[in-house]
Amino acid sequence: MITFKDVSFSYTPTVTILRDVDFSIERGEFVAIVGSNGAGKSTMLRLMNGLLKPGVGEVFVDDLSTHTNKTSKLAKRVGLLFQNPDRQICCNTIAEEIAFGFKNLELPQEEIDATVADIIEDFGFDGARDPFSVSRGERQKIALASIIAVAPEIIILDEPTTGLDYRECIHIMDKVTALNETGTTIIMVCHDMELVLDYAKRVIVVAAGQIIADGNAHEVFRDTFAMQTASLLPPQIIELATELGGQFEQADTVEQIVDIVKARKAV
Amino acid sequence: MRGFLDYVAGDSILHRLNPITKIILSLCICIACFASNNLIFLVGIIGIDLVFGAVGHVFDKAVSLLKGLVKISIFLFIIQVLFVHSGTVLVPLPFGLDITLDGVVLAAKVVLKIIGATMPLALLLSVTQMSDLSNALVKKLNVPYQYAFTFTTAIRFIPIFADEMAGIMEAQTSRGVEFDTKNIFKKLGLILPLCVPLLISSVKKINSSAIAAEVRGFHLRNRTSGYKDYPIAGNDTVAIFLSVLLVLFSLYLNTL
Ligand SMILES: Nc1ncnc2c1ncn2[C@@H]1O[C@H](COP(=O)(O)OP(=O)(O)OP(=O)(O)O)[C@@H](O)[C@H]1O
Ligand SMILES: [Mg+2]
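Chains as they are written, first to last, in our numbering: chain A, 1 to 267; chain B, 1 to 256.
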């Protein structure tokens, strides 16, 4: 669905931000991109929908090169949620905001109204409220809802949960997971490794503009070298499992560890 | 756009001039530009601007600034040419939109004046720290600190707003708004509705900087608060003298 072919990118001639990035993401995957501040994660996301064009190499959405296809056209396939919802929100009511993405799609009005009503009910918004007057978590949800509304096949999220409390965070992640289960491809940048372990199936580690690890969460978080190079701390449960070693070595969740302990006690 | 108003650290003669001198110098260049009617003089001023860029070790920046201004100017030039219809016709066009010699000369002058006058102001900010600028205004010219602060803050916020606007446009393009169109009029029409989010984020930002200033004792600050002094040195006197001379020269050329 999204393919990076030997991509390098720089904003200014002197500093290269991404170097020889080469990977592809298939339909229905749930991918987390992790790395320290300034590693180039947001830059990668901007390349994925053509907001930025690669200096070297090519980026494809399905089989469309971002060089020749405009971002506004790709928007039907790729929805990108930015870290700051205030940059995205621009309408007077929440209902208008959620309907905004449809303006460029030429769908029948009844269909639009029905979808918007569904989404509002699903998220429990008050459609007539001013989106700027609600809380930060609520605005983040409005921004997410307005991306989900137009049902893109790929949803890209840049730190969707930063600054949200645990409940809001889980709420957003559950929505995203539900979409993933119905076939939407999810790509997410996230600094919370626990969350990544809980939700993402594949993890891509970026350090200084290069991909240094790419695989399922279970393996990547056990790759000590990659974790250290990217200055990341693996989730505590994985640290615990590794420290305990033996039978526990391969455990990823609290339940797995508990099960092993219980089984041992029984013996 | 990014960073074209930023300070570039250095130790050139321009960096070392008194901020007040630099203000006078750039204002005089502006005045000379707007007073002059002489095409060659105006081109010369742009040359002087570039020389200043080189002396201040910000030549690359001066050149990219010039390039940017030229791009905007092409647009202004065309509009200007289409509005003047007196004088010898150079290219006849339908609807009385003939391109005339007068039109071309006038348009060239307007454009050169704008370029010549904008560059020194931008270069001034490249070789002068904001805090020096406001402190010197307060110490030497007795400008109340509040006003000097307002002035420098306004300048400081320009790139921040530009960044914010770019971010908003990115977000909207990702939602399918055609900001990536080549049609400039269409783009302008699309930008207007974005003023709402820009305004809201600006007010939020300004409000928080006001609070930050207030908790650090902004209201207590006055002329005696700054510890740095800004003496007028020999170089400064020479620079001011030359600036005034430039203005007089431009006026003199007009009388010829
Ligand atoms: N518009 C820009 N112009 C020049 N440099 C930029 C621009 N945007 C980002 N950069 C630089 O590119 C590098 C990578 O930025 P990017 O935003 O991709 O990092 P990130 O991995 O998303 O970091 P974070 O976790 O802080 O969001 C940073 O060093 C940043 O300073
Ligand atoms: Mg980022």
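Honestly, the hints are just simulated from the structure, not real lab data. It is possible that part of the hints are untrue.
Computed list of lysine-lysine pairs in DSBU-like fashion (alpha-carbon distance at most 35 Å, straight line) [claimed, not checked]:
1. B:61 - B:109
2. A:76 - B:71
3. B:205 - A:175
Practice task
Check each numbered hint from earlier against the structure, then list the numbers of those it violates in ascending order.
Solution key: When the structure is compared with the hints, none of them turns out to be violated.
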